[in-house]
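A.B. asks: Below are the chains, spelled out letter by letter.
2 protein chains.
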Amino acid sequence: MPFRAPVSDYQFLFEHVVDLQKVIETDRFAEADKDVIDAILTEAGKMCEEVMYPVQRNGDLQGAELENGVVRTSPGYAEAYGKVAEGGWISTSADPEYGGMGLPHTITTAVNEMMSASCLSLQLNPLMTQGQIEALEHHASDDIKAVYLPKLITGEWSGTMNLTEPQAGSDVGALRSKAEPNGDGSFAVTGQKIYISWGDNDFTGNVCHLVLARLPDGVPGTKGISLFIVPKFIPDENGEPGVANTLKVVSLEEKLGLHGSPTAVMQFDGATGWLVGEAHDGMRAMFTMMNNARLGVGCQGIGVAEGAYQHALAYAQDRTQGRSPIAGGTGTIIDHADVRRMLTTMKADTFAARSIAMACAVAIDMTTATGDKECKARAAFLTPIAKAFGTDTGIAVSEMGVQVHGGMGFIEETGAAQYARDVRVTAIYEGTNGIQAMDLVGRKLMDGGEAAYRLLDEIEANAEEARDTFPELAEPVWEATETLRETTEWLVSQTDMNDRFAGSVPFLKGFARVLGAHFHLRAAMGEGEYGARTKLARFYITRLLPEHGGLLAHAVRGAEDLYALSPEDLVA
Amino acid sequence: MPFRAPVSDYQFLFEHVVDLQKVIETDRFAEADKDVIDAILTEAGKMCEEVMYPVQRNGDLQGAELENGVVRTSPGYAEAYGKVAEGGWISTSADPEYGGMGLPHTITTAVNEMMSASCLSLQLNPLMTQGQIEALEHHASDDIKAVYLPKLITGEWSGTMNLTEPQAGSDVGALRSKAEPNGDGSFAVTGQKIYISWGDNDFTGNVCHLVLARLPDGVPGTKGISLFIVPKFIPDENGEPGVANTLKVVSLEEKLGLHGSPTAVMQFDGATGWLVGEAHDGMRAMFTMMNNARLGVGCQGIGVAEGAYQHALAYAQDRTQGRSPIAGGTGTIIDHADVRRMLTTMKADTFAARSIAMACAVAIDMTTATGDKECKARAAFLTPIAKAFGTDTGIAVSEMGVQVHGGMGFIEETGAAQYARDVRVTAIYEGTNGIQAMDLVGRKLMDGGEAAYRLLDEIEANAEEARDTFPELAEPVWEATETLRETTEWLVSQTDMNDRFAGSVPFLKGFARVLGAHFHLRAAMGEGEYGARTKLARFYITRLLPEHGGLLAHAVRGAEDLYALSPEDLVA
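Listed in order, the protein sequences are those of chains B and P. Quick note on UniProt numbering: the first sequence kicks off at 1 and runs consecutively. Quick note on UniProt numbering: the second sequence kicks off at 1 and runs consecutively.
The hints are simulated quantities; they were obtained by calculation from the structure and are not laboratory data. Backbone N, C-alpha and C fix where the C-beta goes; we use that ideal spot for every residue, glycine too. Each statement offered as a hint is correct.
Not everything, but these chain P residues come out facing chain B in the computed CB check (under 10 Å):
#, residue
1, D9
2, T320
3, G407
4, A572
So the derived list for chain P, only partly shown, Cβ under 8 Å to chain B, looks like this:
#, residue
5, T164
6, E412
7, L562
Here are a few chain P residues that sit away from chain B, every Cβ distance over 10 Å (derived from the structure):
#, residue
8, D19
9, T26
10, E67
11, V71
12, E79
13, G82
14, E156
15, G183
16, T190
17, G242
18, R284
19, A380
20, R454
21, E482
With the sequences and hints as input, model every part of the structure.
C.D. replies: Quick look at the structure:
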């Protein structure tokens, strides 16, 4: 059952759905013409199929282990990582000055998604490094950049993010890690960090930790937090790994999935680090990096959805069972209406989630290229939706994949369950999906809904344009958008934030449903009446879009009824 | 974090929601008065809390294993099983003539649900035995009854169901196992069966397999299948386990969850068995047993939902994180609106699913007691809904439980993930939830919708009754029921079954949403304006019931659009 990278889907999407053209027409991305992009996608796809996918099961069957303080990675991971790094796949968007390809983030997003589809555990390593590269590019001193960036970009070194502490999860401001000046420009970082993805490995020459900690004069809360780069081995005068730093992996977590990715508890004991960005301004640097990381995690969900979908589709085409209701005689289960419904739902939702993520990436690229405020607001608005809907889709699609397999889905040997277990954390890390939804109805509506309404205007304008060719699809999209507009207006008008938060997750889901319909409609417009994507759009708009009604009704109930149920009521 | 058996919830439900009174007023169940029922529920609850729950994690941490052909069960399972059997909890509804308690199936359903909540892996063993007891009570000869029933009822022996073969899953009629007459009234059964839950154990004196196989003159398909009882040890003249039969456990499956329950591949090599029921009539006997087993599996889902809910609630009340939006200062996460929304959803859906299951159980009891055709039709109609919605709820609630735990949810140590992994199979076995939905829109609407409409009439009458006290709840329930009626009419009018099947799962889910609202409304009526259950009903009806709209819109699309997407389109 080979994995087939969905290169043609990205190509279609870039041309007809999310308008990558405007990105490559900017000066900033002038070198990324269609030929370059096609070549990159094709090569990346090939690498995912031939290098990463073959080690996917290994990570599950023989996870990373801690042996005498050293992390031993899964069989084949070191070799596969070597090829990923060698191919330049860690740094497709990194600064060419330091060895990166400087391509649009949209291309990196597609590449990351394919890598996630083929081997999520291993892909998480470069994803972390990409986030670190970005944080350093934006916030580090030239000295730090010169030492770290070239080696992170080649993949010789890898990067991690150290935010969470036992008492400080979603509430980062509660962290207790400290940093004391050493007097030579460096700092002594002390504290314990948990859930550190790829906290160590046995295949990169160094592991560089970006650590949030508080300086002696840092105020309590998020405003007193600074960011430090703390390497496993302190670079010597030539920038090569030197003496070991005073930090260690205390333990690795036993997780539901993603066994190939070591999740570490890290202990820093006066470890030498250097400030990244300004003192007490660590959260800003962290947010730069986290925003794109959120999109990256969204794409992990979408990638797993693609992988799980292909896996289930292959099974459904192969598994003989019962009489075929369409062909007569013994048939494979894909002939059964409910199996067809599940597979089509999986594909339609994956396409919707992918379109949203790519639209977000395009907005990020346009912001990078033009500095345009509306583009920036668009990217910011779409990020929590891309993250939460992408990962929710990963979970829902891989769960459906298990169901398509019937009894075999519960048996680990088939690999269907691995997708569901691996992807589960994506709805939790990098800000839980609940946090994403709070961000959407809070921070992202602080403009009075301007960014939201601009997006809704575009959706309606597009639906108007589609009325002639696809009246039966354009009308429901237009109507749903109006409902979504009213819901958004209601949320914007709530001054007690808790009234917004009480319906934030259903709102985000409802918004994603409508956005997905918009992109499916654009796909139909790009492909014409008889195309496969048009049939898929019809399925989505007539069968899945109607879910927005229930979700948006839920979104406008406010907090009062919710809090009327006391904890005692909940126990009773 | 102790488990607390929801005894008071059943008591409330029996009194105010599903009318158990009419059951205990029948002659058949005259001995089961309220005091008896309360005592049974209380004792069963205590047993679940004190005997079964303490071994729940053991099954996950050290699953059943096959050692030299012998199944070794998880630590503590043998002792716990001994107490379950000793307490009579396997046979609360079994025939008193053979040692059972003869209580209403509704009580057994509640007991089974509590047992599932406390330790699903172990509970599956008595559930299988119960199914076997029932099949034998209805279909076996007096000789077989006399040998097997007393020992199954005490739990001295356990029972299994052997239906599935590698090539015959949902399509049971494709099975290849054979049975040849031995000439002495017994048969030589040969074949391989897969997915045999509790195919063997190390704590019962015998394991009795009910095996579907084909006699030499059995026609192909389901009409040529017969049912046999094939014991691990052939009973001697005193009915005690004698010589070992020619059957064995070939291997145990490596599963996503439910590790405490050994899932066996069984090999029968001319094993001695006896016919249960008439030759070639095995499917009928199997269906008797499967119908109640389906309700039993639905309750497994509900039980796990209850367990996962209590587990998440305890965590949310304990976990300090961030500023409380309602109390100010540092708060526990239950103060956060989205966590409150998740917990309330979990509780509201569990209540809805439980009510549906109990209503189904009451209908089964009324059928047993009176033979009434309408009761029988009601039970038949509710069974697939109870099974699918109960297990879907188990999956959704335990998934939310993981999410409530945040990062800790992905760490196996907390136990949140175990609920999600264990319950996953319940949507698959005993007929996948897709098969349940096909049954609902196919067989269960073959009466032209009569049973469905009778139920809808009752819901509307109840809503009418509630209009004075709860107008804002009664109206949406009434309206949703009208939409459901129209949807049902549409389905009934489809002559091509595939047009029904294409929307069967969304229809079942939509039906369950409305039924759940009905029972929540009844709970509010039973409890009055300020009760906790009334607040819960308000949450369900205003926030979750609206989902029915999207689901029912999906249900009436027919098959054409779905099949327009060819397998090639799905690959592209």
